[in-house]
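2 protein chains.
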Amino acid sequence: MLNTSKRVNKLIASPIRKFLPMVRAAEKKGVKFFKLNVGDPDIFAPKEILQGIKKYGNKNIPYAPSPGISKHVQAWLKYYALFGIKLKEENIVPTIGGAEGILLAMMAVADVGEEIIVFEPLYTSYKGFAAVCNVKLAPITLRVENNFKLPAIQEIAKKINKKTRALVVISPDNPTGKVWSNQELKNIIKLARKNNLFIIADETYREIVFEGKPKSILIFPAVRNNALVIDSLSKRFSAPGIRLGALVSYNQKVMRAILKIAMIRLSAPTIEQLATVAILKNSKKYTSKIANEYKQRRDIVNDALKKMPGVLVSQPVGAFYQVAKLPVKNAEDFIKFLITEFRHKNKSVLVAPLEDFYVTRGLGRNEIRVAYVLNIKELKEAMEIFKKGLERYLKK
Amino acid sequence: MLNTSKRVNKLIASPIRKFLPMVRAAEKKGVKFFKLNVGDPDIFAPKEILQGIKKYGNKNIPYAPSPGISKHVQAWLKYYALFGIKLKEENIVPTIGGAEGILLAMMAVADVGEEIIVFEPLYTSYKGFAAVCNVKLAPITLRVENNFKLPAIQEIAKKINKKTRALVVISPDNPTGKVWSNQELKNIIKLARKNNLFIIADETYREIVFEGKPKSILIFPAVRNNALVIDSLSKRFSAPGIRLGALVSYNQKVMRAILKIAMIRLSAPTIEQLATVAILKNSKKYTSKIANEYKQRRDIVNDALKKMPGVLVSQPVGAFYQVAKLPVKNAEDFIKFLITEFRHKNKSVLVAPLEDFYVTRGLGRNEIRVAYVLNIKELKEAMEIFKKGLERYLKK
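Same order as they appear, the protein sequences are chains A and B. Quick note on numbering: the first sequence equals residues 1 to 396 in this note's numbering. Quick note on numbering: the second sequence equals residues 1 to 396 in this note's numbering.
Extracted from the complex, chain A is given alone in its bound form (with noise of 0.2 angstroms):
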């Protein structure tokens, strides 16, 4: 038999994206959907990228070269200044988006069979890449009735083995919403460092936050060997379908070895690269501006759910979701009845079911990720929608 490799077997369908034959079918048939599933924003990109598109002048599109065009990488050192961190070139290699970064780190960092501790519920694609690389991820699971709070250091302590290689920290979080503490990230580094593990810390959503300023975990001295940064411009800008993303290091030794794999894919995009040089020189107007409007929509958002009977939310503080748990025994089946059975006025809402979102099995069944991906208008009469669609689930 001619057979594909049990790495990929393995691999389930994307949560987010698995109900998209049936959503299709529903729409052909007139049904209006909500969209609160993916997390791709509805916000315009910047204008600097979309004039920087626009103006690529050359009649020629070269690969980049592995380490990033110059200018942009440069733009990249300009951008992180922003934040009292200061770069050279060499600490940095553009990604094809945040999610190669996720990639290239696990690659740079451990073998088959090793190690690396994650906090669940996590970003799916870490799971992904963890099966088709040969990692093992080793989660601490954190609950949203105690507002995903970490556990005592010592928890977390017990999950360090031998072949444990590094610890994934997402900051703001997705799904989750949380953003880590000075306290909390200082306690991480510390255990990092006394145990010889790389911090992959994954800051995607940097500038998405409702409470306090903006942060990277490079701002940390003590970090400066073990920290390795992923980052993105998809969600800051508001365009995911530029792939771009970058990863940041101080040790040197990571970095050589995030170029080497860098360079057996050639590089990142070459027009894009060009494109964003303008707003990572001067992104704080458009960044402050995005997260004010998703703070909003948070509360919208959070407020629906909270009065809702029966549902229980924690509270997030950055990036663009809100987890709940929903009193029903199997949110993919409700899922599935807002997608095939449930109509108001031939319109339905889509959420993201939580369970994939877990690396152990059988939690987050009755749980679910709100993505707030719509503007405040259509936000509220989504959250309407939803509220009803779930009396009628809870009915039946």
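Treat the hints with caution; some may be incorrect.
Note that identical chains are pooled: a pair holds if it fits in a single copy or bridges any two copies.
[As the list claims (entries may be wrong)] Derived lysine-lysine pairs resembling DSBU-like cross-links, with alpha carbons at most 35 angstroms apart: (1) 149 x 307; (2) 285 x 295; (3) 10 x 159; (4) 32 x 88; (5) 54 x 88; (6) 377 x 388; (7) 54 x 71; (8) 35 x 329; (9) 32 x 6; (10) 6 x 387; (11) 6 x 345; (12) 88 x 35; (13) 78 x 28; (14) 307 x 47; (15) 55 x 281; (16) 281 x 32; (17) 71 x 345; (18) 306 x 86; (19) 194 x 307; (20) 71 x 158; (21) 159 x 47; (22) 10 x 253; (23) 78 x 18; (24) 336 x 253; (25) 395 x 307; (26) 295 x 215.
The hints are simulated quantities; they were obtained by calculation from the structure and are not laboratory data.
Could you slot chain B onto chain A? The hints should help.
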């Protein structure tokens, strides 16, 4: 100690790119290099792509769907129909360049410790991706003396063991310029079917052929279940910076596997998928023109090298590379000499050492690859200067 992974530590820096610092130092002193080392086409991209980029009219830059933007995939189907190959959307997944196609194909067909048979010298990214995926490449050596002719099929069969999962066929080939004959393809298909192996058919350079017509392995009905084609728009449309390629197969199982990995990394660039629709639907005029141009260049490079005493060349029939065996002990030393010592009117030439294109250690030490990515006038001058450089080196 905080160490990077073994799989990355065993990677070598790109053979094509490792001389970059030396080159930059010489350039700063005013030396002009004719760059025949990187396969980065000098030819202008089709105006359809350049205009397509400028015409991007959406104010959002959303993720593309993981299976590709439908208009883009439909354009691929139309492109393939030109070669008599009927595909459905489910037979193709756009990738981030041909490079990502290699990675996804390896992950989809081979587990850790399993083997893939390749013909060396071969495109170096196969070695790199195999290393980070912990897949073993089993090389069959082809010789420049023999114009890179395949050995008898029984010789190839000897490499197959119970861990073998696939054979790689790159045609037209980088670095050799070899184009597999129909008979060679039929033989390998028979072997693959008999042993339940995938054929990973890399057709990045499909249209750049100097004898006969462009073709795909998919024209052979017998290969339908076994072939997984790696395709790319980089060379065909002189646009490697757009980072677009595709994986194509009639095997539904392998396409489902590919799509599952594609979902983890989300999507290929949005703007470029839209900007390449027009040229994919109407590619022939552009590709015929560049194939003709490369043929003329092949003649110049091939003739010039053949006349140099002690230089042995093969006869490329496609792609835009020429392999040559030089009367030197170590081609890398000679290349360093060209970069740091030799100047003719303050000019010199860059070529790629071939050693790292081999899987078997120690082979190719006195061989080079010349990429003919300069116009005819410059190419003539470059070959003159190369000749003088070699003469000077041999007199040292």
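Quick one: residue 35 to residue 329, C-alpha cut-off 35 angstroms, is that within a copy, between copies, both, or neither?
Classified as within; 23 angstroms inside a copy, 64 angstroms across copies.
How do residue 10 and residue 253 come out at 35 angstroms by Cα distance, when the copy is not named: within, between, both, or neither?
Intra 32 angstroms, inter 13 angstroms, cutoff 35 angstroms: intra and inter.
Given a CA cutoff of 35 angstroms, do residue 78 and residue 28 count as a within-copy pair, a between-copy pair, both, or neither?
Answer is between: at 25 angstroms across copies they meet the 35 angstroms cutoff, but 47 angstroms inside does not.
If the cutoff is 35 angstroms on CA atoms, where do residue 306 and residue 86 land: within, between, both or neither? Let me know, please.
Answer is neither; intra-copy 42 angstroms and inter-copy 53 angstroms both fail.
Within, between, both or neither: residue 6, residue 345 at alpha-carbon 35 angstroms:
Answer is neither; intra-copy 46 angstroms and inter-copy 58 angstroms both fail.
At most 35 angstroms between C-alpha atoms: does residue 377 with residue 388 qualify within a copy, between copies, both, or neither?
within (17 angstroms within a copy, 73 angstroms between copies)
Alpha-carbon proximity context of residue 55 and residue 281, limit 35 angstroms
both (17 angstroms within a copy, 25 angstroms between copies)
Between residue 10 and residue 159, at a C-alpha cutoff of 35 angstroms, which is it: within one copy, between copies, both, or neither?
So residue 10 and residue 159 pass the 35 angstroms test inside a copy (24 angstroms) and across (29 angstroms) alike.
Alpha-carbon proximity context of residue 54 and residue 88, limit 35 angstroms:
both (29 angstroms within a copy, 32 angstroms between copies)
When no copy is specified for residue 285 and residue 295, does a C-alpha distance of 35 angstroms or less occur within a copy, between copies, both, or neither?
Within. Shortest intra-copy distance 16 angstroms satisfies the 35 angstroms Cα cut-off; inter-copy 53 angstroms does not.
Which holds for residue 88 with residue 35 at a C-alpha limit of 35 angstroms: within a copy, between copies, both or neither?
This pair counts as between: shortest inter-copy Cα distance 28 angstroms, intra-copy 41 angstroms.
Intra- versus inter-subunit Cα pairing at 35 angstroms for residue 159 with residue 47:
neither (46 angstroms within a copy, 56 angstroms between copies)
Of the numbered hints stated above, those contradicted by the structure are hints 9, 10, 11, 14, 18, 19, 20 and 21, listed in ascending order.
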